[in-house]
Every structure is written in C-alpha cells, then in structure tokens.
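Chains as they are written, first to last, in my numbering: chain A, 1 to 285; chain B, 1 to 326.
FYI, nobody ran anything at the bench for these hints, they're computed from the structure.
Note that the coordinates shown come from a computational prediction; the quantities given were computed from them, not determined experimentally.
Here a beta-carbon is modelled for each residue, glycine too, at the ideal position from N, C-alpha and C.
Take the hints with a grain of salt, since some may be wrong.
[Unchecked claim] Examples of chain A residues toward chain B, derived with CB under 7 Å:
#1 82
#2 89
#3 91
#4 95
#5 96
#6 97
#7 108
#8 260
#9 264
#10 270
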Amino acid sequence: MIFLQVIANGLLIGAVYALFSSGLTLIWGMMNFINFAHGEFVMLGMYAALLVALWAGGGPAVFGAAAALVLFVLGVLIYLALIKQVMRGPMLAQILSTFGLALLLRYAAVWVFSPNFVTLPPTALAGTVNLGGILLSVAQLVSGFVAGALTLGMHLLLTRTAIGSQLLAVAEDRHAAMLMGIRPDRMQALAWGLSAASAGIAGALMAISFSFSPEVGGTFAITAFVVVTLGGFGSVPGALLAGLMVGLIQSLSAYYLGPIYKDVIVYALFVALLWLRPQGLLGTA
Amino acid sequence: MRWLWLALGAVALLYPWLVAGTGSAAFLQDMGALVLLAAIGASAWNIVGGYAGQISVGHAMFFGAGAYLPLLVFQQWQLPPLLGVPLGIAVSLVLALVVGAPTFRLQGHYFSMATIAVAELIRIVVSYSDLLGAAIGLQGPAMSVHWWDLTFRSAVPYYYIFLGVLVLLLLVTWHMQVSRLGYYLRAIRAGERAARSLGVPVRRYKLYALMLSATFTSLAGSLYALKTGFIDPDSGLGILVSVQLIITAALGGAGTLLGPLLGAVILVPLQTATNTWFGGSGSGLTYIIYGAIIVLIARFEPGGLLELWHRLAPRFNRRPEDSRAA
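So here's chain A without its partners, still in its complex pose (with noise of 0.2 Å):
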C-alpha cells in the first residue's frame, strides 16, 4: 500500500513539473533559445501566490490565476526589453541574458524576501483523502489534477485553436509566417508570456503544500531541462510524459534511497540521457 502511495504522490507532483516543463519546452521549440531563468519564473509564482494570499485573501483559484497574470506580464516584458535583442545576438549573448536574469531575480528575491523558507496560511484546501488505504493530501490532490489539466489545455491551445496554428507557424517559418500576415514578435511575446504564466501557476500550485525560499528556482530549472530533455524539445506531450516520469522517479528514490538522492538520481538521469539519447525517449533525431 506504501508502494501505491509513493507511486501517487510522484504522479501528482510530475504533473506539476510537467506544467511548468512544458512553458521551457513552448519557448525551446519555437525560437530555439532555452531559459536559463525559468526555475526563477516557478519560484516568483510561489512569491506572487504568497503576496496575494496574505494581503488580498483569497483561496488557490484567486491566487492561481493571480501568479498566472503576473508571470504572463513578466515573461512579455522580458521577451520585448531583453531576449527580443538578444536572439538576433551571438550565442554568449543568449545564454548569459537569461543565466544573468535567474541571478537578478533569484538575489532580488532574496533581497526583498528574505533567504527564509516560508509557507502559505491555511488554505481552503487542507486535509487528507483516504483513497482505498492511500492517504493523499487534498492540496496536492488539486493541484497535480490542476496541472494536468492545464498540460493538456497547453497542448489543445497549440494544436487545436487558431492562435496555436499561428505559434506553431512561427516556429516553423518565421518568414513564410510573415507572409501570411502573423507577426512573429507578437507570436512570441505571447509564447513567453504563456511559458512565464506557466512557470507562474505551477509555483502557486507547489506553494500550497510545501515551505519555499528564494533559493528554490535552480532545482526547478534544471528538472525542467531533464523533463524536457526526457520528452524531446517542444513537445508537450512529451513534456507530461516525462514530468510524470521524473515525479515518479523522484519519489520512488526518495523513499527506498533517502531524501538526499531524489536530485541527485534525475541529475543522474539527465547525463545518462544525454549521453545515450539527447534527442529524447519521444523527439527523434
């Protein structure tokens, strides 16, 4: 029965990395520039949800949709005062703009906040649920169905709507897209803002159950370039997948190995990757 659990709990947090994995992987796919600051973008959505809980109330769906909002605003400043400039740049350019923005954010954050791990208050969402002998708590509960679901929303929004068409065709050919009457810049100013409000309500969704710090982010980024590494570089379904993988491999290592070895076997795992399959376990070549 222990096994069970274990097995739902990394089930229920890989769908929270899957969400925040696929924003890494939209931005990844498109225009082909990875950000290095997206962990950072996870742990400003936990701060966002913090805020917005202690000054305005509210429960998760208020503060949710709060940290989405203003992670979307975030993530299209950034893309048209910073990475707009520097994709066009060399490649010292593109790495080190957003490896020195998770700096700014991550120090700043610490400057204002405080290196201390806090928590959210109580949440609408507090107890437990006996599932047939497997306890699970209501919080993580909500929030890796949440995260699914917004996964799959993801992949519906790209493949299924007009606006996804033209993301997808910028990402195919920015210039024939021009000749169709897409504007590219808009296009992926608003894949930044959907990566940042993704990043931005899959922190909210971890703050409701568990204590963070400033510090956070760098795990967050680095399991969301296993997840997407695992899943093959823009793709969202890919992305789910893999984040369920990596949530249950986590889980299950913590339990029969010990805490400590829950990061070490995913960074493990990303070098055995990349050396065996860089394309990923579903991209091809």
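Given chain A, work out where chain B should sit, using these hints.
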C-alpha cells in the same frame, strides 16, 4: 604599445611593494592576489567560453575538483597539499570528457545545460560525502611545516605564485590564438556548420578547448584552496563560483586575451567594496549587481568593455584631426 606593456608588467611585479607603504598594506596585497586569482579563473573559462564560444555555466566543477583534492590528500592522508594539484587536474579532465563528449555532438545549448546539471550534481554529492567533509568542508595545514605546504601568513608569496601562473596561462592563450587551435576555435564560434564544411574537426577541437580550460580552472581552484586553507561545497562548487568566472571574462571581453584581466581588475575591488559598505547583506547585493551586469552585457555589449573601448576610442582620437581639418 610596447611601453604600455612594460609599464603594466612593472606595476604587476612591484605592486606588493608599491602598496607596502600605505596604511592598509596587508589588505591591498591580499586584494592584489585575489585580482590575479580571478584573472586566472576567468582566463581559463575564456578558452572554451570566449574563444570556442561554448558557454559553460558549470565551470565550478573544475574549480571544485582543483580546490578539494589538495585539501583532501592533506586532511585524509597527511600528504603535502601540492600532490593534490595534479590529481585535481586529472579529475577535471575526466569531468571535461564526461560533459563534453556527448554534448559537443549537439548544439551549444546542450553543453550549457549539461554543465550546470553536472556541476549541481557534484555539489550535492560532495555536500553529503563524509570523505569530502560533507557540508562542513575540508581544511588545509594550519601552519607551515615545509615550504611545499605553500602555507604563508602574508599574501605576498601567493601574489607572486598567482602572477607566475597567470603569466603562464596568458602565454598559453596567446600561443593558442596564433596557432591552428585558435583559428579552428574562432571558426567554430563564428559558425559551426561552416567550420565543419571547411574540414575543421569541430567536435574534437571543442573538446581540446574544454580540456585546456578545465586544466587551468582546476589549477585556479587549487591555488584558491591553498591560499584560503579551507573549502566547502558552496565556496568550491556552488553556482556562484561559475558566475564569478563568467562575469569576469564577459565584462572585460570574452574571447580576448586581456578581457578577463580587465574584468578582474574592475570586479574584485567592486565586490570588496560592496561587502565592506553593506556588511553581511553585501554579498546578496553583489549578486544582484552581477546579475544586472551580465544581463546588460548580453543585451548591449556582448563583446564586453574591450570592444566598447575599441569602438569608442577612435572617436576620441579623431577629434584633434577634425579640428585641424576645420
């Protein structure tokens, strides 16, 4: 130009004496040694990050290997720390192969992601390893028994050791610049596909650059550990170690011989100043400033200050001629 070089060399050689008369001689000598050490680390990063254009954000793994092994052989087996220096380089070379061999087949982003992931992996493993002092770290000789312990109370001997290593590194880099390796690396940075089509063995040469860079980064780590006499996971392997190497090289000018030196001369005093003015909270502020500097370099001047100078300098020099023409 030659006079400028001679003057710079003379200042570098005489610096510990030049500041000896001032009220804070020990402080300034220590800072001089730190500037040289920062220049060594940044010049080492520059070989792969600047010249080859492969942006490593996890060079802390090489620095840490170089820093841990001298203190490990001393603390665990009572051997002279100096023996650990070549061991650190050996470990760094293995790490360079592990990270570089798979990722250099792929585009630049993979390499950057792999470096940060491997560096973090090593930091976590080390911080739980009892042999390596876990979270507490390792300590060097408390006081010097033999000269080869390289344990001095004054910063001056370290200053000259660092100066020697820096000169060696600059000679190696300069030689690389004008040799086949340097031309190949610049071709790779300018366009990998074009370089490959012209017959440059791209993957192999990127690996050479990484291994050369790892060797000297490891040496920088060893020198740091010998001078400080103490190393822990954050100061040896933390992401901020990588940040320090990157920003120093990129601020001065990545891919230039003297850029990392310029960066070190600017950043080390800046960091000392923010730490002094703002006390314990200063280090946090330092990294906010560092992040902002990195973003600004990437956004406005990827060539760093040296390129900015090369662009602006002719404008100042032209002014007298313009007035003569008018």
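Against the structure, the hints:
Hint status for residue 82 (chain A): holds, given a least beta-carbon distance of 6 Å to chain B, under 7 Å. The closest approach between the C-beta of residue 89 (chain A) and any C-beta of chain B is roughly 5 Å, which is under the 7 Å cut-off, so the hint is satisfied. Taken as an interface hint, residue 91 (chain A) checks out: its beta carbon lies about 5 Å from the nearest beta carbon of chain B, inside 7 Å. Nearest Cβ of chain B to the Cβ of residue 95 (chain A): about 4 Å, under the 7 Å cut. The hint holds.
Below 7 Å, beta-carbon pairs count as interface contacts, and residue 96 (chain A) has one with chain B at about 4 Å; its hint therefore holds. Hint on residue 97 (chain A) holds. Least Cβ distance to chain B is approximately 4 Å, under the 7 Å limit. Because the beta carbon of residue 108 (chain A) sits about 5 Å from the nearest beta carbon in chain B, less than 7 Å, this interface hint is met. Below 7 Å, beta-carbon pairs count as interface contacts, and residue 260 (chain A) has one with chain B at about 5 Å; its hint therefore holds.
This hint holds: residue 264 (chain A) has a C-beta 6 Å from the nearest C-beta of chain B, less than the 7 Å allowed. Hint status for residue 270 (chain A): holds, given a least beta-carbon distance of 5 Å to chain B, under 7 Å.
Going through the hint list in order, the structure satisfies each hint without exception.
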